[in-house]
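Chains as they are written, first to last, in the working numbering: chain P, 395 to 540; chain Y, 395 to 540; chain Z, 395 to 540; chain F, 395 to 540; chain U, 395 to 540; chain G, 395 to 540.
Each hint should be verified, as a subset may be incorrect.
Each pair may be met inside one copy or between any two copies, as identical chains are not told apart.
No more than 20 Å apart at the CA atoms, straight line, and that leaves these computed lysine to aspartate or glutamate pairs for DMTMM-like [said to hold, decoys possible]:
hint : residue 1 : residue 2
1    : K418      : D520
2    : K403      : D424
3    : K488      : E521
4    : K488      : D520
5    : K418      : E521
6    : K418      : D404
7    : K488      : D457
8    : K403      : E521
9    : K403      : D520
10   : K488      : E522
11   : K418      : E522
12   : K488      : E455
13   : K418      : E405
Hints were generated in silico from the structure; no laboratory data involved.
6 protein chains.
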Amino acid sequence: MATLRPLEKDEMAPEARAVIDEIKAARGVDDVNNFWKALAHQPANLRRIWDGLKQVMSPGELDPVVKEMLYIAVSAANNCDYCVHSHTASARAKGMTPGQYAELLAIVAMASQTNALANALKVPVDEEFLVGGPRSGRPEPAARSD
Amino acid sequence: MATLRPLEKDEMAPEARAVIDEIKAARGVDDVNNFWKALAHQPANLRRIWDGLKQVMSPGELDPVVKEMLYIAVSAANNCDYCVHSHTASARAKGMTPGQYAELLAIVAMASQTNALANALKVPVDEEFLVGGPRSGRPEPAARSD
Amino acid sequence: MATLRPLEKDEMAPEARAVIDEIKAARGVDDVNNFWKALAHQPANLRRIWDGLKQVMSPGELDPVVKEMLYIAVSAANNCDYCVHSHTASARAKGMTPGQYAELLAIVAMASQTNALANALKVPVDEEFLVGGPRSGRPEPAARSD
Amino acid sequence: MATLRPLEKDEMAPEARAVIDEIKAARGVDDVNNFWKALAHQPANLRRIWDGLKQVMSPGELDPVVKEMLYIAVSAANNCDYCVHSHTASARAKGMTPGQYAELLAIVAMASQTNALANALKVPVDEEFLVGGPRSGRPEPAARSD
Amino acid sequence: MATLRPLEKDEMAPEARAVIDEIKAARGVDDVNNFWKALAHQPANLRRIWDGLKQVMSPGELDPVVKEMLYIAVSAANNCDYCVHSHTASARAKGMTPGQYAELLAIVAMASQTNALANALKVPVDEEFLVGGPRSGRPEPAARSD
Amino acid sequence: MATLRPLEKDEMAPEARAVIDEIKAARGVDDVNNFWKALAHQPANLRRIWDGLKQVMSPGELDPVVKEMLYIAVSAANNCDYCVHSHTASARAKGMTPGQYAELLAIVAMASQTNALANALKVPVDEEFLVGGPRSGRPEPAARSD
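Just chain P, same shape as in the assembly:
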């Protein structure tokens, strides 16, 4: 499979090789996974995606395991085969317990169920859930959230 073959390091353009070296250093690994090797055909995409991912997944208010679990949840909902595998492995490496994984899957399943129901019923959104917006006079929780 794959529409772009994962590249080996000596096949990459210098700009791509530089990003791959950054990923290895940041993660303390000897080799990167196939996603990066496939993206290495396109140095500008490789650079932008890595820089963005590094920023988004860096330490913040959320626990690193929680960040990986959120990544799994989105990847499962988007049905990304590769991402589900890679981020489930990452979450486990960062300490996700079997019990946390069971709770995560329970929520992914339940949310998909109620999402489908609400989308099929087209339930009107309750007024009290709306914040801001041109037709609401309610205060929003905070003017700044970053």
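With chain P's structure known, arrange chains Y, Z, F, U and G on it following the hints.
Showing chains Y, Z, F, U and G alone in chain P's frame:
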């Protein structure tokens, strides 16, 4: 909108009214939101969904705010208008900070981006991400995770 | 809303008006719904979609109500606001009972739930579910199914 | 593949084994398919999903073959590889004819096409399709549909 | 895999064989790809899909490579494994350059990212983006666009 | 609607205001659309998304109108209400003709249809569509595509 009008309590069948009363008691609220009032047309669905949701969202190894954030992540990926609004409101009510919300949205956005890339590239899954399965001899993290 | 304003009949090109007249005649109605009026900007699309829909929804081995219910199921899963509303109305007009609708929604919800779980778990497909395909020697149910 | 290896019976916790035994008895089979064996790592999820599925797919107003066809329609729209395979096999086992399958696929395809069009055009929903809701005075089809 | 085994020519009904011969002639190839061989079980679907595809992908105002790139974009967003592979191959055969492919993937990724953000934020659509529709007095770009 | 109210300029943090000023300057407009005003609550997200979008949509090998049309295609497939409206408006402003728009919608519709069919049939990918990957000896089109 809506394909089933949200019902008022005196229009509900007794089996539906009983579930609605349980929801009010469990949440300590005077009234339930439209999702439940629309589902009240179908008492068996209302009962099954409420019982499942109550079980899935009950205290466990994950923090209640994290549970709501996972729910938002799935609902955003599935693009459920109603669920995004209701669970963002719930997460805030349970203490999600503006900074946590910013990190959540960053992950939802970034994951959607790499999901799309991996799905467009059809990157082959690395061997080290696979556990179990008929073609893998690798040990899995745990035989039981619930 | 809308990226193409629903057209009134006197604004349509003759090729579009001809299709609109066919829809009215086929359905025995005085006016068509907004979907067709918006598509009327693009006579070739309008013609192709109407001809296809007429063929697909015409009497066959499946009951007309079942056909509409399948349409609702797909539209809910694809979260098409317009289509959920229009096909729920059609199904009701063709005789879908409240009990059938409750069972439909239960299946839409349950399938979305197990879909999400199987996609998150990446469960390997059992050999006995596979028919045909280059790696299977199993007979398929029938050489022709139309 | 798989993020949780399908378990064999002697690897399961007693609560999981009990559910697996119920599934075998209910279906009259010697072994269950991989979905259940993978879920068996998480007894609470296994129990909730099986109980829900059993209830939803039990005899009702809809024919069992129709129920499986609705399940296929949702699974195809959600692109669940595993579920498409397992429920297509189930529908055939319950009597879905090749002609019915052809009509099902025709509807799945056509609905996906008009869903995409309506979502791209953002066609405003016609007033006559709306029932209930705060901005509609129209009667809804029935106060109770379960 | 596959729920319908790709058929060889001598297994097809005459109506299916006729369509397959048309595809070969139109494309100047000796054999068709698996999609058509699987659809050949269902001659009516095969006919309708081929006739539609031929019309949609025929020369028009858009360049043939652009048409294939749009097809890839939709297929990636819908996560169709088969279609991503087949249309990426077609786009390359019609002249898509590596640089164009890199730009295509960048847009698929970026759009998926901002789609997810807008869906999570539920940003109200700006008045100036709306054309037509019952609540807008703005002129639309053109009464006819086909 | 909205889970974060679009901010006015005097409500924004300085880092957010700086990005908003860049967007206005780059686009030569007096005000930005709601997407940016809602993101302005989260300056880090606002900065990352704007920088990425500016890079991805800048002049390259693809025509600016084609870039916007690809954006529409993905947004329609992902069913992003806001993005469909904003990028359809952008594509028109950059010169998309009614005829090009009709062809775009035809492809979005047709691709969604064949995507659904291939996903429901689970057609095995033809060997000739595969490039690279561990199980293929075929050369890929180019070692570098950026």
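Okay, the hints, checked on the actual structure:
| no. | hint | verdict |
| --- | --- | --- |
| 1 | K418 with D520 | between (48 Å within a copy, 16 Å between copies) |
| 2 | K403 with D424 | within (12 Å within a copy, 38 Å between copies) |
| 3 | K488 with E521 | between (40 Å within a copy, 19 Å between copies) |
| 4 | K488 with D520 | between (38 Å within a copy, 18 Å between copies) |
| 5 | K418 with E521 | between (49 Å within a copy, 18 Å between copies) |
| 6 | K418 with D404 | within (15 Å within a copy, 41 Å between copies) |
| 7 | K488 with D457 | both (10 Å within a copy, 17 Å between copies) |
| 8 | K403 with E521 | between (55 Å within a copy, 19 Å between copies) |
| 9 | K403 with D520 | between (54 Å within a copy, 16 Å between copies) |
| 10 | K488 with E522 | between (38 Å within a copy, 15 Å between copies) |
| 11 | K418 with E522 | between (48 Å within a copy, 16 Å between copies) |
| 12 | K488 with E455 | both (16 Å within a copy, 16 Å between copies) |
| 13 | K418 with E405 | within (17 Å within a copy, 37 Å between copies) |
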